[in-house]
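Work from the hints to combine the two standalone chains into their complex.
As you go down the protein sequences, you meet chains D and Z in turn. Our numbering puts the first residue of the first sequence at 1247, with every later residue one more than the last. Our numbering puts the first residue of the second sequence at 2, with every later residue one more than the last.
Just so you know, these hints were derived from the structure itself, not from any lab. Careful, some of the hints might be misleading.
For each label pair, taking beta carbons as the anchor points, the in silico distance ranges come out as [what the hints assert, rightly or not]: (1) D:ILE1364 - Z:VAL396: 58 to 66 Å; (2) Z:GLU318 - D:ASP1439: 24 to 32 Å; (3) D:GLY1373 - Z:VAL397: 50 to 58 Å; (4) D:LEU1392 - Z:THR74: 53 to 61 Å; (5) Z:SER86 - D:TRP1429: 48 to 56 Å; (6) D:SER1427 - Z:VAL292: 55 to 63 Å; (7) Z:LYS302 - D:SER1539: 44 to 52 Å; (8) Z:ASP349 - D:VAL1484: 25 to 33 Å; (9) Z:VAL396 - D:PRO1428: 27 to 35 Å; (10) D:SER1452 - Z:ARG111: 38 to 46 Å; (11) D:PRO1428 - Z:VAL292: 56 to 64 Å.
One side only, chain D facing chain Z, incomplete, derived with CB under 10 Å [stated by the list, open to error]: (12) VAL1344; (13) TYR1495; (14) VAL1552.
Yeah, the Cβ is synthetic: ideal placement off N, Cα and C, and Gly gets one too.
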Amino acid sequence: MDILDIIGSALKAGLRPETAYISLAAIGLNIHFGYTGLLNFGQAGFMAVGAYGLAIPVFAFEASLWVGLACGITASVIFALLLGYPTLRLRADYLAIVTIAAAEIFRFIVRATGLREITGGSNGINGFSSGFYEANPYTSSVGFELGFLDFNYTAREAWVMTVGWGIVLTGIAFTYFAINSPWGRVLKSVREDEDAVRSLGKNAYSFKMQSLVIGGVFGAIGGMILALAQGSVQPSPVDLGPTRTFLAYAALIIGGTGKLWGPVAGSFIFISLLSFTDTFIRSAQAEGWIDESFIAPNEVGIARFVILGIALMLLMTFRPQGIFGSKREMALDV
Amino acid sequence: MPKLAKNCIAGLALILVLVLSFPIAVLAQSEQAITGTLRVEINEERTPVAGVDISVVQGGEEVGVETTAEDGTFAVTVPGDGAYSVTLNTDSLPEGVTLQADATETLEVRVESGNNKAVIYRLVSGDQGETSAFSDQAGKVARLVSNGVRFGLIMAMCSIGLSLIFGTTQLVNFAHGELVTFGAVMALVLDNGTIPFLVAAALALALAAGFGAANDLVIWRPLRKRGTGLISMMVISIGLSILIRFVILWQVGGDRQAYSKYRIQEGIEIGPLSLTPRDLIAMAISIVVLVAVAYMINKTKFGKAMRAVADNRDLAESSGINVQQVILYVWVLGGLLAGLGGILLGLDQQVRWNMGFDLLLLIFAAVTLGGLGTAYGALVGSLVVGIFIELSTLVVAPELKSVGALMILIIILLVRPQGILGRAERVG
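So here's chain Z without its partners, still in its complex pose (with noise of 0.2 Å):
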């Protein structure tokens, strides 16, 4: 069967070219360690202490004892799986200097083999802390309502990709999630010194694009053609998500990495908010990103034909729209809009190899919320998750944030299937 034969070949060719994505050998994790960052706000800028005694004990026995470094940091390497208790030694801190009131200088934690475990310690300078301009009610939801919508806004580019794709080929795609790491791991990859930040995520944006495109021409545009059914596709697009996520594991490692540019910096005050500069051209850059596409989607000829194949798919074959050309680009969009929010949230929070997959779960949520398979719902349903989620941390640990998300979910599932914006049809 040639046919077959060139599919199972297309699809090696996919996994070769997606190891071979990663150009640059990174670090191979071979071990792991017990790692923090030591930092305190001094003067509301937040400074790193150094020389600070940082022990491991295991069963009683110690397993290491590191210093701080000049930029906070320590890395106590640990022998492998188990339970270790870390202690800060108080007696080491600088003048002035202490744990937080309701901090306990041992922490007890966990260590998996091959992954770095992370350890945050709070530290206060002097005796403020206690009474700091945060504890203000009314800031505080305001600071929470501003990092939902920087929140909401980069999901919304992940979610209008996977939204655009479910409208046009009907197709839940579970591997959405890894179009957003790629994005963030190629800036990764790339912004390894030589060349400027910015240009490293440029490339990695022009990879993403292309990663989207290969994701159809590859996958889903042979799969149509076959006639695949839809639920077999959403199986197959899973092991694609395990696929293409356990490949960026086994390339970049289990750590979570930071980008070499824009990781601290002083807040701007406005108002009850302190937002730094990334924050700031974060939020600019998706909105311009976001109204260009709603500009594409309403104005364009292509956002035309857009809309014609999700309508109606036959009757814009018929009038001579090029389906599958169409669909090739809304995967090429879904793609760029998914690294550039990969790139946004690597960022805000590090670059992870399963940061793709959690933010799915939460882009669900909001496609459902705002109506599966129309733009605008995806925009809308990804800002209100993100103010959600945020806004109950005032009542739930911030650990269980995202069950609201999933509480809406299931909420808008019952009163209203079709989402906010989606038009009432049988969806059932």
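For reference, chain D alone in the conformation it holds in the complex (with noise of 0.2 Å):
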């Protein structure tokens, strides 16, 4: 095994079209984590509201993808309102238990068989995409090589990533204008305390509720990307169960919470890493380093939830500001 070679794997990987919607979402949970302090926990369930919306219309009304994408962001608004109505007058914990138990619900709907028409079921929906591809201008691969680094990807590969990180840095863009604004300083102020801002006359539900909306589009936004990117949108746990959200938010916490890069940043640290532990046990397999006694070649890809779930224990105990926040950013609490 080559250590150099599955660094620059794991580089690869992290500019891969994973990265950036994932970026996308933790952009969103930025928006609602680290400047307004609100706890959503359904991430994943917006980036399936996003996902489904753009391919349903396309799939069972052979609409265009442009009226998927308008469809897409609109229903991701409504779920928003839905998920903040009942809760963002409550305890920050009870839009957790809402956004997480919502996000679950909404898999379990479309995966339903009597739904099969229209979400194709447990099968998901597959060849949506094709007028995505269709405009894709890049006819070969692209990328370059470097030593031990290897930055080519396919022109299917590509093009998703031009669109998805051309996304991102919009969002990046969008976010810093929306923070820096008096409207940025109401959100972050309410994350500090949210009396204070009452008693100062501004509506604290209505900031909570535009910054949940706003937050969610990008998701839903993410979740497209990651339904162009797999030319499919499957209703299985691993894509849009609650550990996508999960992985946003380490990727998040990695890159500092409230930090204008800590999305992109955090995800690509994150998604580098995860690539680099599966192609590691993969190949230590391979030398017969591990035995397949105690990590089975299917049970690889479990490897990656074990380390989201310790990254996310070990970052929220001993350094929830990240690698790049602040703490005095930080300082949020019920």
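Have a look at this one:
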């Protein structure tokens, strides 16, 4: 095994579409959790709403992808309003409970056999992304090699990456201007002290709702990139289940909660780390260092979730502000 | 920073304990198969159907053919991820046994690598089946209510722990579902034939109580001492939940697995209901345990101390109650009740690595409905949610029944956020 090759492939994975859509979900969570102090545990639900919103019009009603885009965003706004209306006046844990439940329930509903004509049931939806790939300007693989670093991506990947990272940059720019505006300062003060905000005559509830909607739309767009990158939408726990939400949380916390570039830096670091351990275990198995009775080949995928759990616990305990964050920004609590 | 190092070591120790607490290596699931059991109801007894050919086809190519064994089971090994179509050869069915009228002989399934996929064929014998006693609407409602009560009682045992932990520490423990899974899985691992199932279950309960205590001693007590905030703790509990869940998946595999005992039992007719002895005993155990817990909360010194801590922690502490000890006991109780709930649930629906996490969403609905932090609220909420989701299958497909629980959750937050039995106080 060559450790440099493994590092190279990990860094390559760090730029893949997966990192782009996790970044988008984390940018949304940064607006929720980092700037407003909202505990949204259902970002995967927003991603699912976006992904299905994009895919259903194309699959079931033969509309164009643009219609799908509009549907996905509208649906995520409605989803946010539905979840926020009963919970945002209450203590922070109620939002957490309702969002994690709603995200799973949405997945159960689209998986239902009775809706197979519309949502594809448990098989999900395929073949809605042809319009997207027909617009692909790349004809051959794109990238370069530098020593052990190999940044060559297939034309398909490169096209998703161009669009995905383009949207990520737009999202960062949006966050920058929004958070440095008077509106953003109110959001941050909701995080710091909601009662103070209220006593200054601001409607804290309305600001929380706006934050939930905007962050949710980012999650939904992330879900659309996921759907386009995979060419399919699947109601599987790995794709759109709660662990997806917490992958984005881990990325956000690593990069720094309440930091502009935190979600992107964290996603890159975390996805690279996961890819590294994945490849490392596989090559260690190939070398015979790890016995198959300890980790069977089909159990390698479990490692990333074990790491995810440990990372969340250790980060929140010892460095809740992440690698680049400052402790002062993360003073939030109930 | 020695303290930091100490906490790190303690954390690693917990993970180690978690891994080592699987004393017997469970068969590693290294491939995937399409599995199922063919049974038919003859004279109200579920009889296995042997000698039926099941073939699996992918993309027009035959992957495998198997014949059901004496106990009606079959398993066709498939190469990996993907969509397969499974066909039951109706010619090979024994005489008098047919597929249910609305069922098809070919099913399309999707297999995930490493996970077995179970398929279900509904068989009927002779010409009954169309006009069975169950089509009677009143009987159906009674049956659903009894299922709901049974499930609600099991859920109540799991919810009370969550609610008491919230009451004493204000922590919403997202890793509570894993306490449920832990109890069920421990009983499964110990139930390997060398000791009777009931002994295995008792040992599993002891381990579950110890696991609850370990949760508090290793993670939550040090965090409380550090002054970690509640939001951070919630995120940590999610991390813990993911960690435990996937360690369990790694150790026991992704299949549903049944205990060795009490698998198939003949029902006892009570009016329109048909309950197996297993169901009746599970309900009796739940009721006895719940009454005992209620007695303990109301009448014993520990119960009084617990209520005092929940009511006003500082006041309790200054009047001489050892708050940390009370919280530890609450965790032991929570682990024990959740473990018992897990074993009973495992008897009812088989054991699966994510059974507790799936239940957690319903538990949340139940405790919010009853009032977060109140033990009776958890009981009432669980029964209401249990009955409601069963009854909701009268109008929606059974696979959507947990949607009703979410509806309850949202409606109760809109109209009475403190829950049915919660005290009216500001929760915003």
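Tell me, in ascending order, the numbers of any earlier hints that this structure violates. Hints 1, 3 and 9 contradicted; others consistent.
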